[in-house]
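> Here's the letter readout for the chains.
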Amino acid sequence: MNMTTIQARFQLDYGDFKLDVDLKLPGTGITVLFGHSGSGKTTLLRCIAGLQRAPQGFLEINGHIWQDSERDLFLPTYKRPLGYVFQEANLFPHLTVRDNLHYGLKRIKQNSGTVKLEQTLDLLGIGHLLERMPGHLSGGERQRVAIARALALNPEVLLMDEPLASLDFKRKQEILPFLSRLHQQLDIPVLYVTHSQQEVAQLADTLVIMEDGRALASGPLSETQSRLDVPLAQDREAATVWQAAVAEHEADYHLTRVAFAGGSLSLPAVDAEIGTPLRVQIYARDVSIALEAPTATSILNVLPATITGIADGRDGQSVVLLQVGDQALLAHITRKSALLLGLQIGMEVYVQIKGTSLLN
Amino acid sequence: MLNAADMATLWLTFKVAGIATLLMLLFGTPLAWWLARTTSRWKSICNALVSLPLVLPPTVLGFYLLIMLGPNGPIGHLTAELGLGTLPFTFPGLVVASVLYSLPFVVQPLQSSFTSIGEQPLEAAATLRAGPLDTFFSVIVPLAKPGFLTASILGFTHTVGEFGVVLMVGGNIPDKTRVVSVQIYNHVEALEYTEAHWLAGILMLFSFSVLMVLYTVLKTQPVAHPLK
Numbered sequence: 001m002n003m004t005t006i007q008a009r010f011q012l013d014y015g016d017f018k019l020d021v022d023l024k025l026p027g028t029g030i031t032v033l034f035g036h037s038g039s040g041k042t043t044l045l046r047c048i049a050g051l052q053r054a055p056q057g058f059l060e061i062n063g064h065i066w067q068d069s070e071r072d073l074f075l076p077t078y079k080r081p082l083g084y085v086f087q088e089a090n091l092f093p094h095l096t097v098r099d100n101l102h103y104g105l106k107r108i109k110q111n112s113g114t115v116k117l118e119q120t121l122d123l124l125g126i127g128h129l130l131e132r133m134p135g136h137l138s139g140g141e142r143q144r145v146a147i148a149r150a151l152a153l154n155p156e157v158l159l160m161d162e163p164l165a166s167l168d169f170k171r172k173q174e175i176l177p178f179l180s181r182l183h184q185q186l187d188i189p190v191l192y193v194t195h196s197q198q199e200v201a202q203l204a205d206t207l208v209i210m211e212d213g214r215a216l217a218s219g220p221l222s223e224t225q226s227r228l229d230v231p232l233a234q235d236r237e238a239a240t241v242w243q244a245a246v247a248e249h250e251a252d253y254h255l256t257r258v259a260f261a262g263g264s265l266s267l268p269a270v271d272a273e274i275g276t277p278l279r280v281q282i283y284a285r286d287v288s289i290a291l292e293a294p295t296a297t298s299i300l301n302v303l304p305a306t307i308t309g310i311a312d313g314r315d316g317q318s319v320v321l322l323q324v325g326d327q328a329l330l331a332h333i334t335r336k337s338a339l340l341l342g343l344q345i346g347m348e349v350y351v352q353i354k355g356t357s358l359l360n
Numbered sequence: 361m362l363n364a365a366d367m368a369t370l371w372l373t374f375k376v377a378g379i380a381t382l383l384m385l386l387f388g389t390p391l392a393w394w395l396a397r398t399t400s401r402w403k404s405i406c407n408a409l410v411s412l413p414l415v416l417p418p419t420v421l422g423f424y425l426l427i428m429l430g431p432n433g434p435i436g437h438l439t440a441e442l443g444l445g446t447l448p449f450t451f452p453g454l455v456v457a458s459v460l461y462s463l464p465f466v467v468q469p470l471q472s473s474f475t476s477i478g479e480q481p482l483e484a485a486a487t488l489r490a491g492p493l494d495t496f497f498s499v500i501v502p503l504a505k506p507g508f509l510t511a512s513i514l515g516f517t518h519t520v521g522e523f524g525v526v527l528m529v530g531g532n533i534p535d536k537t538r539v540v541s542v543q544i545y546n547h548v549e550a551l552e553y554t555e556a557h558w559l560a561g562i563l564m565l566f567s568f569s570v571l572m573v574l575y576t577v578l579k580t581q582p583v584a585h586p587l588k
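Those sequence lines, one after another, are chains A and B. According to my numbering, numbering within the first sequence proceeds without interruption in unit steps and concludes at 360. According to my numbering, numbering within the second sequence proceeds without interruption in unit steps and concludes at 588.
For reference, chain B alone in the conformation it holds in the complex (with noise of 0.2 angstroms):
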């Protein structure tokens, strides 16, 4: 069975994994709002780096972070200067970490969500008085609500499931920034395989249903764009 110190990776994770998701949300919306409408010569290059989680070792992110944060590092020196000390080892390094690596479970729905609105009904509603902010609420959020649901799903799971970057930049400091899947490797490093087991099925029931979950109910939802 589980016990405490189990219990608490757990927590912990669902805990990043869920402030993670929320700030994903509320940065990559308009990232991918922008990446989706643009023409700018930048787009190809943030779109490369939004992606680079994707095909780069967690380890390589994970470095890096460690170094810019890290008391020598740029980010490290401003976070030092606001008085927030550094982020490295510590909960808030945690999560921002685990947002730059899940960014582009994010971003890449809600980006081809927006794409495939099209422009048509944003023209319409424009013709309807209806300014920016008004259309991207009242038309834009409620068409790509399957990507919305997609990405918080992707988003939350992606994140949950990490394991290198986490180790790197949050290391293994129980109830601060040992997660569940470090946990598992420290059971197995232990040889405790009831504890890993336990750990693992958890982590494998909670994502199967989830995705499970998320399939069925996009396959239910009336396509984004029927009208053509």
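Here chain A stands alone, though its shape is the one from the complex (with noise of 0.2 angstroms):
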């Protein structure tokens, strides 16, 4: 597991821009690509997709070479076993849903592509949509006919260009939990273009985040959105995810608790199995540090935690770095406080978690 199977370095300069990445990345799970606009986040990401030819540069996935500038070696998108979604769904709008799904498949040589094709149209939830033309389906539902017809092609590796920006509040989160769903399903590895950090939290495995073409910061979730050199740390919404599970239901009083490795915490009553993993994600700024454990306080999620790390943060803020159980927790208080308590590294604390969201 987690072996890398995705080398990409490229090099571009178009003067006014520049993209300047060396990046190994795992061939298993989400990656998610988060940046800003204009940080060269799509430009990887169609450099990858050979939609874009970086002067210098070097791709290799499940050990196939797709760009080699050394060798002048470059394979034509067409000929790249990928699936791509497009920000715009990018529909061909003169073919009717099931001919949109089915162009890319009469074009491979494998069979396999009608079986999963069932399957992608299950999952999707779009079985019902086939006879239309894209012309008549809503935003959302194109989107996940894009979807459905790159999966369709059985791709080693599936491309997403910030796949929901284009749409309203409520399509996204129409669409967020099929790309949860996918995320369980899926056996090759996702690259996701995004500015979202609410995408971020929910369905990304490995973080690389990027700013003026470069990648500031790339590996597991936990361990870049907890780097306090990069950014990310002292965004209004920065956030911790945790990966958990169901540990017991406490139904007299509506609550459930979840383990993490080395602890546990309380969330509002969870409807499913003991066992089942979840995504915790604690906003910074729902987190507070106390000295001592308090004995008498309302927050229910009081945890021992050890600091390792304090930065400077925004406006008279400063962002703490703790250790609870095994994971990694970020905080964000005011300097004043820190001042008062005298955080420093090593010391021995307790945060109370005000309040915990759940990403699927």
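Treat the hints with care, since some could be wrong.
Straight-line C-alpha distance at most 25 angstroms; calculated SDA-like pairs for lysine to any residue [said to hold, decoys possible]: (1) B/Lys505 x A/His94; (2) A/Lys109 x B/Asp494; (3) A/Lys106 x B/Trp394; (4) A/Lys106 x B/Thr495.
Computed, partial: chain B to chain A, Cβ under 7 angstroms [stated by the list, open to error]: (5) Thr446; (6) Gln480; (7) Glu483; (8) Ala484; (9) Ala486; (10) Gly491; (11) Pro502.
No lab work stands behind these hints: they were computed from the structure. In this text the structure is predicted, and so the values were computed from the model without any measurement. By construction, the Cβ of each residue, glycine as well, lies at the ideal position given by its N, Cα and C atoms.
Hints are included, so try docking the two chains, each in its own frame, into the full complex.
In structure tokens:
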């Protein structure tokens, strides 16, 4: 598991924009390329797809070399076994949904595609749309068809360029569960471009943070999220995502206890069987720090923690990185509190978690 | 009513227009595709050259063609060397002149159609394993259908309606190069107004009906690119 199967090295220079990355990414799970517009995340994805050609580039996926500028090797997009989902669904307007789905299928040799397509239709809930024209679909439906069209090819890697960005909030909520489900069922690596922290929290296993055409940080989600040297940790929406599992239901209190490596949390009741894996997101602004175990508090989730890092945040804030059990946790507190409490690296403290959100 | 000579000019006119339209689609499509996509510095020159017949008096184009295709012209030399004889005052010469004269009416609708399709469908096709030629026939051609329809109809009707170039390059040889527009001129010269009326009326009716059909069909066509 998690052995590196994607190696991507690209350099290109458009004068006002430069891309310069050298990444090794895992061959499983969802890798999110995160950054603001102009950070180069989409360009990177397009270089991987071969839609754009970086003059200096090396790309190896699953042991196959798709580009090697040293040897003047560049596989054109249509010869790369990939699936691509565009920001705007980009369905062929002259073809029905069915013909859109079969367009790529007809052009691959293997026969396994049809079975795959059936499963994908179920998964994405678009079986009833087959005879429609793309012009008569809602934005969310179009995007689901586009995802199915890419998956039907049984690709070796799935590339998604802000697939939710052009949708309104309601449509996003309609598709995110599908993506989460995909996540559990797909055995191929997914590279997912977004500028939304919510999508990062909900989908990412690996996170690559892009800025000014460079990869600032790259690694497993919780590790990268909690790096103090990356601006993400200082963002108002900064959060940490914990992998946990349902441990116990407290029906009387309408609560569920979930266990994570090194401790447990109480959440509002979750309708899931014991042992079900969950993602719990904790916003840094919802975490406060106490030097001693608070004895009288309404906050349920009070956990012992060790301070592993402190950095200055924005607007008089301090960003504190803590270790809770085996999990990293970010806290945003005021600089004044940090000073008054005399917080220092290595200190044993207690964190109070005011709120959590469940991501799947 | 129409006499045999008039019928012959009508037949010849439609034959020239039909063959010329096919040739224009054949050569005009790749040309329009290239013009729609290239960033080459030759693009402006090519655009201007193709559009020249729109603004030049047909006699100017006809005059130069006559010289180029004639026995002392470079193309005339070539065709003579190849054993094809020279083209002026022959049916093939008429077709060649018509193709050059009507080309902008085919290239421009195609070019703007190709441009409006944009990169997106091409990129989608590429990510779905379609090579360039495959993409052209499975995506571009169906999406550019209104463009092809407009190009064919404008190319055909414009060729039917030409006069100056035909007269310069083709002349006025019955059954070989005498087309309707020239025949109308002959009739008027000879004060045969009834005959002129018949032919002129037929052309008028033909052109109007065809254009009317074109615009009606275009109106019902879905927009080339409804996804934005």
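> Is the interface hint for B/Gln480 satisfied, with its Cβ closer than 7 angstroms to some Cβ of chain A?
holds (5 angstroms)
> Would you settle whether the hint for B/Ala484 is holds or violated, based on the nearest Cβ-Cβ distance to chain A being less than 7 angstroms?
Interface hint status for B/Ala484: holds (5 angstroms vs cutoff 7 angstroms).
> Within 25 angstroms, alpha carbon to alpha carbon, are A/Lys106 and B/Thr495?
Given that 25 angstroms is the threshold and the Cα spacing comes to 13 angstroms, the pair holds.
> Would you check the hint for A/Lys106 and B/Trp394, treating anything up to 25 angstroms between C-alpha atoms as holding?
Between A/Lys106 and B/Trp394 the Cα gap is close to 28 angstroms, so the pair fails against 25 angstroms, i.e. violated.
> Would the hint on B/Thr446 be counted as holding, given a Cβ-Cβ threshold of 7 angstroms to chain A?
violated (46 angstroms)
> Against chain A, run the beta carbon of B/Pro502 and see if the smallest gap drops under 7 angstroms.
With a closest approach of 5 angstroms, the B/Pro502 hint holds.
> Does the closest beta carbon of chain A sit nearer than 7 angstroms to the beta carbon of B/Gly491?
At 5 angstroms from the nearest chain A Cβ, B/Gly491 passes the 7 angstroms test, so the hint holds.
> Is the straight-line distance between the alpha-carbon of A/Lys109 and that of B/Asp494 25 angstroms or less?
holds (16 angstroms)
> Is B/Lys505 close enough to A/His94, meaning Cα to Cα at most 25 angstroms?
holds (10 angstroms)
> Any CB of chain A closer than 7 angstroms to the CB of B/Ala486?
holds (4 angstroms)
> Report holds or violated for the interface hint on B/Glu483, using the least CB-CB distance to chain A and a cut-off of 7 angstroms.
At 5 angstroms from the nearest chain A Cβ, B/Glu483 passes the 7 angstroms test, so the hint holds.
Consistency note: the structure conflicts with the earlier hints numbered 3 and 5.
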